Amino acid sequence: MTHARPRITLRQDLAALPFLAPFFAVFLLFIAYPIFYSLWLSVHQVTIFSDFYDIFGTMTYVGLENYAHILTSVQFWWAVGATFIYAVLTIIPGIALSLFLALMLNRRLMGLGVMRSGFFIPHVFDIYVVGIVWLLLYYPGSGLVSRFIAMIGASETARQGVLDNPMLTLPAITFAMVLKNAGFGMILFLVSLNNINPSIIEAADVDGASRRQKLFHVIIPLLRPMILFLVVTGTVGSINAFAEIYAMTNDTGGVPVEVLGETVQSARTGGYHLFRTFDEGRYGEAAAVSFVFMIFALVISFINFRLLRSSD
Amino acid sequence: MRRPTPHIPQAPAAAGRLLSRAGRGGIFLLLIVLLLIVQLPLFWMLITSFKARGTAFQLQFIPQTRVHTPADNEPALSMPVATADDPILHFEHHDPAAGTVDLALMDPAGELARHELQYAAGGLWLLTLVPDTPGTYLYTFELDGEELIPADVPAAELLALGLVEEIVAESGAVTSNTDDPQLLAFVRDGKLLATATRPEDGRYELLLNGRRFPLSEIHPGIHELHRQIESIHPEDEPAFRLTEIRSFGTAAAEMYTLDNFRAILTSEEFNFARYFLNSLVVATSAGILTVILCTMGGYAFSQMTFHFRDQLFVLVLASMLVPGMIFMVPQFSITIGLGLMNTYPGMVVPHLANIFGLFLLRQYIGQIPRDLFAAAEIDGASQPQIFQTIVVPICLPIMLTLFLLTFVTQWSNFLWQLIINTGDSRVLTLPVGLQQFRGQNTDEWEMIMAGASFSIVPMAILFLCFQGYFLRGLAAGAVKE
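Top line first, the protein sequences correspond to chains D and U.
Counting in the working numbering, the first sequence runs from 106 upward without gaps.
Counting in the working numbering, the second sequence runs from 5 upward without gaps.
This is chain U alone, in the form it adopts within the complex (with noise of 0.2 Å):
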């Protein structure tokens, strides 16, 4: 008989359902966090290899299409504001005729000597000038010793005589209000004024007290602002920033670039291309020459029958204790000694014989039905027969994973191949060449990391092809223990 199902023991078993889910949840977060930690020397050295020079240290990896001048982690610019006591006097002339000037030529005098050139080119004057004691001036231009305005003539004929477009002022000024002598801002009579001398390409807008003014440009480069606003008191600090509005592409250029790249590809001294090439036939030539001695040996070892074939296979497994740094002296002794400084051969020959591979090539023929040879030996073939038509295809799996392992080691053998190339070797790898490069150019980080991308992005490319056939090799080195 069926009973009516109670309602109420669902609820805790939904709770529960819900808690394991929130559970399971946390821990693929928690994976994820780690997984990014992890993959955090891959992604920053990609993202510095791209990165301008000398912009490696610098947290900001969004390209900017708005740029503040001074940056926001700087204290912006105090905006003068002009006073009967504290005023502020500018000049803005135009020329066309005159051409570009010799900022050197510039030369204002007595009084004057304390001014600000904005900008002097095509025409276009801007200057500021700041007196030290208040008072009415007369001001000059000359022009390749010919005098442009009579010295007499008073500051405010000058608009008349149109060299001089507007004076602001006509005495006592300070406005030196930014390091940046082409960017000039200030408040007079309720009046917003602003020249940015910007030979780039952009749009720019100050930022006053949070409200956007734009600039316009009135000549090429240089961006200006005459703007009516309700009246701002010395006492309020007025402050400011400029921005410059870039589109994203520049923005994006400016900040991530191939030069590095160029450069290291391109270099006479460290030349990243030929170390590449040469980690390629140092880790090529190894895999495949492993692939070969081990292939032979395992067969040997597994299917063929000769005096202390046993023992030998476990002096030969016994060596393997033997911690690999022994090695290195003698090796190199050994190495130098055949004249091999210097060489592919020598970087190559000496870790030929991979005991590990002998072994799981040893283990994967050993899996080869018998019958096989059985039936190859009724046919009456040799053994170098039976070797290449059995043998080498049923272990071409083996083969390759062997071939791989070797490849990632000899790739990433660093020791070796600092201890037998001499710093003027023609056949450096890239881990040594790495550290040449390094020696000679300490705090050129975005291109270390570029070159470090050239040891890494292939294995990396290599690993995610080949995946399988590397988990393979490490799965048979783990069950062997």
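Here chain D stands alone, though its shape is the one from the complex (with noise of 0.2 Å):
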């Protein structure tokens, strides 16, 4: 009798009930509905019959077309690769920068929760207001940014300004996106370092390892699902991506580029795309862009998960 367990009775419920209905009560309509709603609205379409008042209400259900027209259309497979671009020069340079900050502050240094809190205090900021501060640093010809551009030797380039050539449009944005972000992972990275049990250290210190091996084969390994982590978090923070784009882009996802025929934006990733597709009235077929960024998204992390569980 004493291992059984105890009957959770009618009363408990009703106790815990309060508790629990308000955060249910948003939770439910405001993100479990949404989710099969919007399944619901990536198979209607917003035609010339809907009603201007009643949009939802009145849309028209055509079944898959929405996902063949986006499975079939340039722009939105330009944006699904946008997003990579996007994520792998924020990714990158970002784990790469925060980490070092981590091993540099992660010592005895004259002012040292100063730069700690210099360098995250970044991450705080309202991430359109930074992205307008940015397009003034890269004004053509007259921004900072540009005018350090043009005394390094790249006059043309400066003249022109880096957000308004297409090549340079996302690395000048995620340039940016970085150097907020990196205190973030840099926090981060310290908590772990800080975690690490320092009898690791002094054991690769007995069997002789020079500072380099110690980094590249006990700490980094020690770290690796820190740097998973992040890079779960940089996935999904890609595809989210939006206030960014619409300030340093001037909300026009970036420079008209031609690609097989089709006029894209060359800084127009998921989430930019998803607003623009929104924008426009296109409310079935956002919701179905969303849906496979979603699956994108979870496959992603799905695979990271097993990576994370592998290295276990």
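Hints listed in this document are in silico derivations from the structure and should not be mistaken for laboratory results.
Derived coverage of chain U by chain D (criterion: at least 3 residues anywhere in the stretch with Cβ under 8 Å from a Cβ of chain D; other residues may be distant): (1) 46-58; (2) 290-298; (3) 328-334; (4) 413-421; (5) 430-440; (6) 454-465.
Label-pair ranges, simulated between beta-carbon atoms: (7) U/T288 to D/I408: 38 to 46 Å; (8) D/Y166 to U/E273: 41 to 49 Å; (9) D/P326 to U/A256: 51 to 59 Å; (10) U/A380 to D/I306: 43 to 51 Å; (11) U/V285 to D/I306: 45 to 53 Å; (12) D/S178 to U/F32: 46 to 54 Å.
Keep in mind the model is a prediction, meaning the values are calculated, not measured.
C-beta: ideal position from N, C-alpha, C; glycine also.
Relying on the hints, combine the two individually framed chains into one complex.
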């Protein structure tokens, strides 16, 4: 009798209900239901017959037409590609910079606290607003960064402005974002470094490991879970990236480029593409786009979790 | 037995120490450079927001007490030098009784049609005449139709009449050495003459071939220089600039101003004081409500037993894997369906189910010693009482952490606030307000940066005050992975 789990009574359920109700009211209405609603939207379309005052109520069922349209559209695949480029350009330099900062600041140093705060603080700033500040810094010809670029010899690039150069739009945006978010990764790495058992490092010292060997064969492997965490959040972050692109391309998505006979914008990543589709009133297609991206995100998260497990 | 310590091995050790110290210094410098780069946008935003209108792209930050005309990066003006073939003619006529003369009424006739009028105020007229061909001329001054000087009086006699203080040359000249009609300078017969008309307070100097010649104020706003110098030849191609010497305060006031902030705070159409308040309301209410919902939910999941507790929790956690943008279209539809477009609840309510917050609170409450709850239950406390007297006081630090994280997130939630508000919304928040403002004032960078400061500076202050609470939340989030 003592080993049996105590029966959960209805009274206990009723006692818990008031505590759970507020959270779950919002959760069900704005998180759980939308996932299914989104699925419903993705097989419907706004048509000219839709009632302007009740667009969502009067959409017509179109089956998988939205998905078929997306998967054959150059713009969509370009958005996937741009998101991939964005992810690579933020995740790899971002992790490298945060790791470097964490390793450098994980010791006794003059002004350590000031430096840690200083590197972290841009992370709490509004992305859109920071994007606008970078727009000023990148301003063609006379912006500070443009002047610097002209000073090191690329005067043509400086005159045109990096954001108006199709090859440089995404690198310029991601450069700003890496600087903004490096402090976040740095703090996470500092937490992990503090959690490393000092005896492991001592053992390596006893074995006569050089500083470089210790870094690459002891410390970095121990930081692997954190690196994977940053890769996963970085991937989801790349798919969600929006405000910085909206800000730095003046809501254009970047410079028009000709790809396979269609005009696409140089920085039109997934998040921005979704917003554009939504903003143009193609709600069904927007829902379908977000579903396809959700599948991408889930697959990538799954692969990452598998990698995480195999590393343990 | 002690051996004397050999001295030689110490040298490499000292060198090694020196090297490692140098390496440490190098890393320190590198970190400082990196920190400056990371802080650059913040610094640039702040300094631009205080700059005078239209100067956002000027790379000058230290107020200049000496201002050159033309500026240093422009070529200096060539200094005309009078010669026998190329004389210079210049009149100064001072008649305090005449008062201010309308420039348009100055009407030189005939061959003197090309002229430069430097100044006509307070009875002082400065006039440079530029005859087309060299020769001897006679001049007439007419004031309101009344001839001051008979037309046939030779120029030299003008001096005797006291109407013209000085006649520098009697025949042909070119004096238009500057685009600025209120700046004139030339050299004639080893004499340097300059007149600058500058209504602003300040002292002036003429910078000629590296030498400084101060001007003296001969009349309010009129600065003049008459000075003997060793003869300068036209072939020397003498060049000059006018230097304005101002007090540091004047210079600083010209470069930095609070006008940008004043403009965006008092603007009818784009009022950043209102945007700021809206952001404050949205972020604060989102923060408080999120904390309440998550603490209650976290308590239930951590300490209470009910059907499907663990399954429900896993389900909630699983929805964290869904990228946020999936929710945009359906949440938009639901929110406008509830009639919450352009309202505070429309911006706040959809984000209240913070799963990370629920997780954070559940973890934290789980660490509270069970004895505390058991003791309370023995005392006959009800669940709401336990929640109020035990859970909330113990959880205050983590609640503050969650509040701050939510506050910062909602303060910066651009996408949702952009789509759920129309342009005429009364509840626009800072980022959306800035976006609207930019739409109308694309090139007003100084004001745009002042508006940006309203969003950035409060977050910086908030972070610096509650650093520990922010970082605790991050560490908790990282550990869970």
